[in-house]
Amino acid sequence: MKTMNEFKCVFPAVSANEALARAALSAFLIPADPTAQELADLRTVISEAVTNAIVHGYRNASGSVSICLRMLPDRVLYIRITDKGCGIPDIPKAMEPLYTSAPEEERAGLGFAIMQEFTDYLQVRSTPGHGTTLTMRRQLGQIHAEAD
Amino acid sequence: MQIDYDMQKSELLVRLSGEIDHHNTMQMRSEIDTALCTHTPHTLVLDFRDVTFMDSSGIGLIMGRYKILQPLGGEIILRQPSAHIARVLRLAGMERLAELQIHTPEEVSAS
Numbered sequence: 001m002k003t004m005n006e007f008k009c010v011f012p013a014v015s016a017n018e019a020l021a022r023a024a025l026s027a028f029l030i031p032a033d034p035t036a037q038e039l040a041d042l043r044t045v046i047s048e049a050v051t052n053a054i055v056h057g058y059r060n061a062s063g064s065v066s067i068c069l070r071m072l073p074d075r076v077l078y079i080r081i082t083d084k085g086c087g088i089p090d091i092p093k094a095m096e097p098l099y100t101s102a103p104e105e106e107r108a109g110l111g112f113a114i115m116q117e118f119t120d121y122l123q124v125r126s127t128p129g130h131g132t133t134l135t136m137r138r139q140l141g142q143i144h145a146e147a148d
Numbered sequence: 149m150q151i152d153y154d155m156q157k158s159e160l161l162v163r164l165s166g167e168i169d170h171h172n173t174m175q176m177r178s179e180i181d182t183a184l185c186t187h188t189p190h191t192l193v194l195d196f197r198d199v200t201f202m203d204s205s206g207i208g209l210i211m212g213r214y215k216i217l218q219p220l221g222g223e224i225i226l227r228q229p230s231a232h233i234a235r236v237l238r239l240a241g242m243e244r245l246a247e248l249q250i251h252t253p254e255e256v257s258a259s
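Protein sequences appear in the order of chains A and B.
The first sequence runs 1 to 148 under this note's numbering.
The second sequence runs 149 to 259 under this note's numbering.
No lab work stands behind these hints, which were simulated from the structure alone.
Misleading hints may appear alongside valid ones.
Calculated cross-link-like contacts (lysine-lysine; reagent style DSBU-like; alpha-carbon spacing at most 35 Å) [to be verified]: (1) B:Lys215 <-> B:Lys157; (2) A:Lys93 <-> B:Lys215; (3) A:Lys84 <-> A:Lys8; (4) A:Lys84 <-> A:Lys2; (5) A:Lys93 <-> A:Lys8; (6) A:Lys84 <-> B:Lys215.
With the hints as constraints, model all of the structure from the sequences given.
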């Protein structure tokens with residue numbers, strides 16, 4: 001599929017970089033002029049994905065998180081988040097609402113539920129011991145000529 | 149990220165601000181819990197008026213405080229979340245654990 005624009009970055013898996021990931025996504029979306037709700041949804045989605053990589057993938061140990069953002073035809077945003085952490089042994093279990101492997105950190109277990117709710121497509125690929133890749137797509141609404 | 153407190157009668161008002169994510173909740177959690185221990189309120193009001201972003205880390209923060217207050221008969225009020233934060237709160241079913249006040253008490257009494 002033709003890619004209209006692409007942005008890739010790699011950063012250390014530290015919690016301060018959750019804000020960096022949101023800022024990168026916001027900047028990438030500026031030319032697409034998303035609605036306030038689309039922007040808020042997608043900032044939440046990338047925050048959940050990157051937090052999962054840091055908290056669950058690396059269990060707060062050192063590592064790196066890779067982000068790939070693409071704008072595809074018809075205003076479809078593609079997001080790929082990759083970590084080389086511990087992986088997810090049971091993906092359906094991990095995706096159950098309220099399930100968390102880190103209750104001591106007060107994780108609500110809602111990361112995947114929010115990612116599913118705020119995107120059109122979510123794929124989780126994971127190999128225990130090798131890492132996890134999340135791929136998501138969300139179609140943005142059409143730009144309207146009149147101001148909101 | 150900044151937190152302000154106001155204790156009146158048995159109500160602890162905590163004004164949150166900035167972005168509530170995993171990184172920031174670590175500090176928010178310890179500051180709120182210190183205030184809860186010091187003032188032992190019946191009601192914890194979390195004011196979201198100046199919160200510009202919240203992901204599920206904020207839900208974990210609320211659920212954790214609920215687990216502290218609920219055995220003591222206390223309650224939580226979530227005040228003035230933005231439209232997006234209200235959506236995340238409802239998606240997480242937070243209105244079952246806490247009272248959601250979309251408007252301020254002043255707005256309610258004026259209407």
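Evaluation of the provided hints:
no.: 1; hint: B:Lys215 <-> B:Lys157; result: holds, 22 Å
no.: 2; hint: A:Lys93 <-> B:Lys215; result: holds, 24 Å
no.: 3; hint: A:Lys84 <-> A:Lys8; result: holds, 16 Å
no.: 4; hint: A:Lys84 <-> A:Lys2; result: holds, 28 Å
no.: 5; hint: A:Lys93 <-> A:Lys8; result: holds, 30 Å
no.: 6; hint: A:Lys84 <-> B:Lys215; result: holds, 34 Å
Consistency with the previously given hints is maintained throughout, with no hint failing.
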